[in-house]
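Novice: Those protein sequence lines, which keep their order, are chains A and B.
Using the working numbering, the first residue of the first sequence is number 1, and each one after it goes up by one.
Using the working numbering, the first residue of the second sequence is number 1001, and each one after it goes up by one.
Just so you know, these hints were derived from the structure itself, not from any lab.
There could be a bad hint or two in this list.
As the list claims (entries may be wrong) - Now the stretches of chain B that chain A is said to cover, found in silico as 3 or more residues with beta-carbon under 8 angstroms:
id, stretch
1, 1022 to 1029
2, 1165 to 1179
Unchecked claim - Here are the simulated DSS-like pairs of lysine-lysine, each with C-alpha atoms no more than 30 angstroms apart in a straight line:
id, chain 1, residue 1, chain 2, residue 2
3, A, Lys388, A, Lys410
4, A, Lys417, A, Lys67
5, B, Lys1417, A, Lys418
6, B, Lys1067, B, Lys1038
7, B, Lys1241, A, Lys377
8, B, Lys1377, B, Lys1038
9, A, Lys388, B, Lys1133
10, A, Lys417, B, Lys1280
11, A, Lys418, A, Lys133
12, A, Lys377, B, Lys1418
13, A, Lys125, A, Lys73
14, B, Lys1377, A, Lys418
15, B, Lys1417, A, Lys410
16, A, Lys241, A, Lys410
17, B, Lys1417, A, Lys417
18, A, Lys388, A, Lys67
19, B, Lys1067, A, Lys417
20, B, Lys1417, A, Lys377
21, B, Lys1279, B, Lys1241
22, B, Lys1125, B, Lys1279
23, B, Lys1410, A, Lys388
24, A, Lys417, B, Lys1257
25, A, Lys417, B, Lys1125
26, B, Lys1125, B, Lys1377
27, B, Lys1280, B, Lys1038
28, A, Lys38, A, Lys67
29, B, Lys1241, A, Lys388
30, B, Lys1073, A, Lys418
31, B, Lys1279, A, Lys377
32, B, Lys1067, B, Lys1257
33, A, Lys418, B, Lys1418
Quantities reported herein were computed from a predicted structural model and do not represent experimental measurements.
Beta carbons: idealized from backbone N, C-alpha and C, even for Gly.
2 protein chains.
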Amino acid sequence: MNTNKHRYSSDQPSAEAYLIASRRCELMNLQHFLQMGKLIQSISNLVHGLQRERGASNIFLGSNGEKFGPERKAIAEESAQLRFVFEQALAEIHVELTTHSVSSHLLAHIASALHGLESLPELRKRIETRALKVPEATELFCTLIHRLIAVVFEAADTAVDPSLARLLVAMVHLMNGKEFCGQERATGSAGFSGGGFDTALIQRMTHLVEAQERCFEVVLGFADEQSCQQLQSLLANDREKEIGRLRQFGCSVGRYKPLDSELADQWFALMSERMDELKKVEESVETSFHGRCVERFAEARSSLAHHETLIASLDQPEDATQPLLVLCESGSNGESRASEAWSSGGIGQQSGRSIFDLVQEQSRRLQQMSEDLQGAKEALEDRRTQEKAVLLLMNHRNITNDEAHRVLRKLAMDQGKKLPEVARALVSMADLLK
Amino acid sequence: MNTNKHRYSSDQPSAEAYLIASRRCELMNLQHFLQMGKLIQSISNLVHGLQRERGASNIFLGSNGEKFGPERKAIAEESAQLRFVFEQALAEIHVELTTHSVSSHLLAHIASALHGLESLPELRKRIETRALKVPEATELFCTLIHRLIAVVFEAADTAVDPSLARLLVAMVHLMNGKEFCGQERATGSAGFSGGGFDTALIQRMTHLVEAQERCFEVVLGFADEQSCQQLQSLLANDREKEIGRLRQFGCSVGRYKPLDSELADQWFALMSERMDELKKVEESVETSFHGRCVERFAEARSSLAHHETLIASLDQPEDATQPLLVLCESGSNGESRASEAWSSGGIGQQSGRSIFDLVQEQSRRLQQMSEDLQGAKEALEDRRTQEKAVLLLMNHRNITNDEAHRVLRKLAMDQGKKLPEVARALVSMADLLK
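Make the full structure from the sequences, and use the hints.
Specialist: Okay, here's the thing in structure tokens:
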């Protein structure tokens, strides 16, 4: 009666072979993320380097080359080095990424990021020769950074393990939040060093502050406990109050009279410190991501080995009864009645029954994982929808990004709804009108 | 200045290499579906065979072995042959499926289907020796069929191309609709040959009729035009009226007095004919799926070749200007201002600009594909959510599947909402209560 003998290792399709393949597929995904973790870390470092370079370049350009000359150069060299590290990390998984590819989206976004980075030396030359103005330089750096973060976003979207997906969602929102912080630093610097804040600057500040808050809320919903505590204490410390005071001062007094340019230095220093602290939270999330990857990988590997042993033992009917008891899980499901029918009438002999348990257990596990994954996927989807809604508003009403964000926020407030909800309604309305 | 030379073919990460990899990844997915098409076709055939075998077995068992003896045997041999064809189709893609696996869910469901099929010979033996009763035999066949359809469902969930995903959504709902039709045939047969319809049978009939209608609605929303027409004319022909009359008669007259058992034969014949016709619609969807696969694969392959040629030509700056004009697409997007900045100041030399276009084009294409994919994904998600809501209600209120469906429908009616909406609300409520 033993028809299953060694079938799981042959090329012949069998329930056992597919059960093992399903487990192996999970293992491969985890292995992939063990490697992706390094890439994501190198992106986080590179983005931080580019943010510092953007800040230094803006001061250099804004002071007509008088301030921050050597500093900018040193920082630029540092971020060139970080770019090298990123490309090294990519080279390490290049073959895996491009042959067993998980997602054409991820690959396209890596292409886009790499393409942006290729223009970096030229951008630096133009900054050095002061052939660029501050807003133009800022925008080019922003585009680069945006593309790098998009790679992390797409990586998060390919995660299958819910706990890893949640940490990547936290990571993406932390990176986005820090980038909004960097843009706020630039906006504030423009106001303080330019001697005042006009309506456009004030609106931009408001938008960036709110965008940061929204990102950090998501981080607090998805990051590990330690990283959450770190972020919370960052958001509660004295520097935050000081930053709040300067914001307030700039946007009120700065509206009517010129400001002391020393405030610009103070603002820049405080915001830079804040970004360095946010970078530390990113590192904490990275650490916990790596730890979780190692843990899940070890679990999955040992579980696969366990399954292989079990299935092999089912080939020897004489000792098949013992180890199988461990696997009988309780729990009600749609097939339970049918499974009883199988086993009650003699169809389900001991070995059949056990493979059945293993297969059922795997289906249930995967189902549970899908459900647990949903929250993380929704957070990513919300972000995507909001970006789309903003783009829609920009094109449709011919307004700027800041204004589009404001319109969206106002719609949400007026309707007493959450931002993602309003964004969704807007996007689906636009789909209907297409 | 030509730093891109041949970099796309080396192991060094470059924008070109990742752009090509992204295109190749799409191509691989299409190739996968060219092969999956055959598997899905063999599943559709096997399910039809099992449905016929279930019908014949029920008549055989119900008549205490007096009717359909030889017919059942012949049909059983046929479906054994169809099982063999399915396993052959699986063997052909076995290596690809189990090594470059796309989805651990798909693999787990294949394991589950294969495991079910392994017990088929034993089930037949029990039917032949009449060691089973009709409801038990029906349930075992239903479980088998359900698992096979679940494989198609999971395959649909791995589709990346929107047009293919839509056809697979149609296919899954067609298969599900036909299976509900098969269950209605069995339920009606029980009523007509048993001499009457009690409340439970009537409720079951009502549920199955509505479940079919819902499935066919989805099919009409997602199938190709020809298949839609075929289904529509099937649903509008005289047989449908005849079936409607019998249903009506069974559930009204059959409630109070015994029915002529000849009606059972008539009912069985009509419903079998209907299922054969539905099978033809499935074949039409399969044909159009295969055609679309071939078409999309050819497109993707030629587009990949085109890209490779283009990128290679960018290595020769002297003839780089000509072919690139073709690719300059218009269209507004968030990065357009930044891209102008790149090109305006001399950073974007001709070759840089063109790679930029290609990369942008790919990102836009993938974005558009994701958006177009959404409808199909939502239809699958709705189905999953409904099944989950039914399971929840069954467990929570300790009611049968039919009753759970009725509760769900009543909730939708009372609240004036659509079924998927109510199911979603129910599931998310249950998640909160966990």
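Novice: Against this structure, judge whether each hint is valid.
Specialist: Results for each hint:
By the rule of at least three residues with a Cβ nearer than 8 angstroms to a Cβ of chain A, the coverage given for the stretch 1022 to 1029 of chain B holds, with 7 such residues. Only residues whose beta carbon comes within less than 8 angstroms of a beta carbon in chain A count, and the stretch 1165 to 1179 of chain B has 0; fewer than three means the coverage is violated. As the CA atoms of Lys388 (chain A) and Lys410 (chain A) are separated by approximately 17 angstroms, the hinted pair is consistent with the 30 angstroms bound. Distance restraint check for Lys417 (chain A) and Lys67 (chain A): the Cα-Cα separation of roughly 47 angstroms exceeds the 30 angstroms cut-off, and the hinted pair is therefore not satisfied.
In summary, the hint linking Lys1417 (chain B) to Lys418 (chain A) is supported, as the alpha carbons are separated by about 22 angstroms, within the 30 angstroms threshold. With a C-alpha separation of about 35 angstroms, the suggested pairing of Lys1067 (chain B) with Lys1038 (chain B) is violated against the 30 angstroms cut-off. This hinted pair does not check out: Lys1241 (chain B) and Lys377 (chain A) have alpha carbons roughly 46 angstroms apart, beyond 30 angstroms. For the hint linking Lys1377 (chain B) to Lys1038 (chain B), the alpha-carbon distance of about 22 angstroms falls within 30 angstroms, and the restraint holds.
For the proposed pair Lys388 (chain A) and Lys1133 (chain B), the alpha carbon gap of about 58 angstroms is over 30 angstroms, so the pair is violated. Of the supplied pair hints, the one linking Lys417 (chain A) and Lys1280 (chain B) is violated, its CA atoms being roughly 48 angstroms apart against a limit of 30 angstroms. Our distance criterion of 30 angstroms between C-alpha atoms is broken by Lys418 (chain A) and Lys133 (chain A), whose separation comes to about 38 angstroms. Using a Cα cut-off of 30 angstroms, the hinted pair Lys377 (chain A) and Lys1418 (chain B) holds, with the two alpha carbons roughly 24 angstroms apart.
At most 30 angstroms may separate the alpha-carbon atoms for a hinted pair to count; Lys125 (chain A) and Lys73 (chain A) meet this at roughly 11 angstroms. Using a Cα cut-off of 30 angstroms, the hinted pair Lys1377 (chain B) and Lys418 (chain A) holds, with the two alpha carbons roughly 24 angstroms apart. Restraint check for Lys1417 (chain B) and Lys410 (chain A): the C-alpha separation of about 28 angstroms stays at or below 30 angstroms, so the hint holds. With a C-alpha separation of about 26 angstroms, the suggested pair Lys241 (chain A) and Lys410 (chain A) falls inside the 30 angstroms cut-off, and the hint holds.
Straight-line distance between C-alpha atoms of Lys1417 (chain B) and Lys417 (chain A) comes to about 20 angstroms, which keeps the hinted pair within the 30 angstroms bound. A threshold of 30 angstroms between alpha carbons decides the hint, and for Lys388 (chain A) with Lys67 (chain A) the separation of about 39 angstroms lies outside it, so the pair is violated. Restraint check: the Cα-Cα separation between Lys1067 (chain B) and Lys417 (chain A) comes to about 64 angstroms, which exceeds 30 angstroms; the hinted pair is violated. With a C-alpha separation of about 25 angstroms, the suggested pairing of Lys1417 (chain B) with Lys377 (chain A) holds against the 30 angstroms cut-off.
The suggested pairing of Lys1279 (chain B) with Lys1241 (chain B) holds, with an alpha-carbon distance near 20 angstroms, which does not exceed 30 angstroms. Annotation: proposed proximity of Lys1125 (chain B) to Lys1279 (chain B) holds, straight-line Cα distance about 27 angstroms (limit 30 angstroms). Under the criterion of a C-alpha separation no larger than 30 angstroms, the hint pairing Lys1410 (chain B) with Lys388 (chain A) is inconsistent with the structure, at around 37 angstroms. Taken as a hint, the Lys417 (chain A) and Lys1257 (chain B) pair is broken in the structure, with Cα atoms around 57 angstroms apart against an allowance of 30 angstroms.
Proximity of Lys417 (chain A) to Lys1125 (chain B) is assessed by CA-CA distance (about 61 angstroms); at most 30 angstroms being required, the pair is judged violated. The suggested pairing of Lys1125 (chain B) with Lys1377 (chain B) is violated, with an alpha-carbon distance near 41 angstroms, which exceeds 30 angstroms. Taking the CA atoms of Lys1280 (chain B) and Lys1038 (chain B), the gap is near 16 angstroms; set against the 30 angstroms cutoff, the hint holds. Distance restraint check for Lys38 (chain A) and Lys67 (chain A): the Cα-Cα separation of roughly 35 angstroms exceeds the 30 angstroms cut-off, and the hinted pair is therefore not satisfied.
As the CA atoms of Lys1241 (chain B) and Lys388 (chain A) are separated by approximately 48 angstroms, the hinted pair breaks the 30 angstroms bound. A threshold of 30 angstroms between alpha carbons decides the hint, and for Lys1073 (chain B) with Lys418 (chain A) the separation of about 62 angstroms lies outside it, so the pair is violated. For the proposed pair Lys1279 (chain B) and Lys377 (chain A), the alpha carbon gap of about 36 angstroms is over 30 angstroms, so the pair is violated. With a C-alpha separation of about 24 angstroms, the suggested pair Lys1067 (chain B) and Lys1257 (chain B) falls inside the 30 angstroms cut-off, and the hint holds.
Restraint check for Lys418 (chain A) and Lys1418 (chain B): satisfied, since their Cα atoms lie roughly 23 angstroms apart, inside the 30 angstroms limit.
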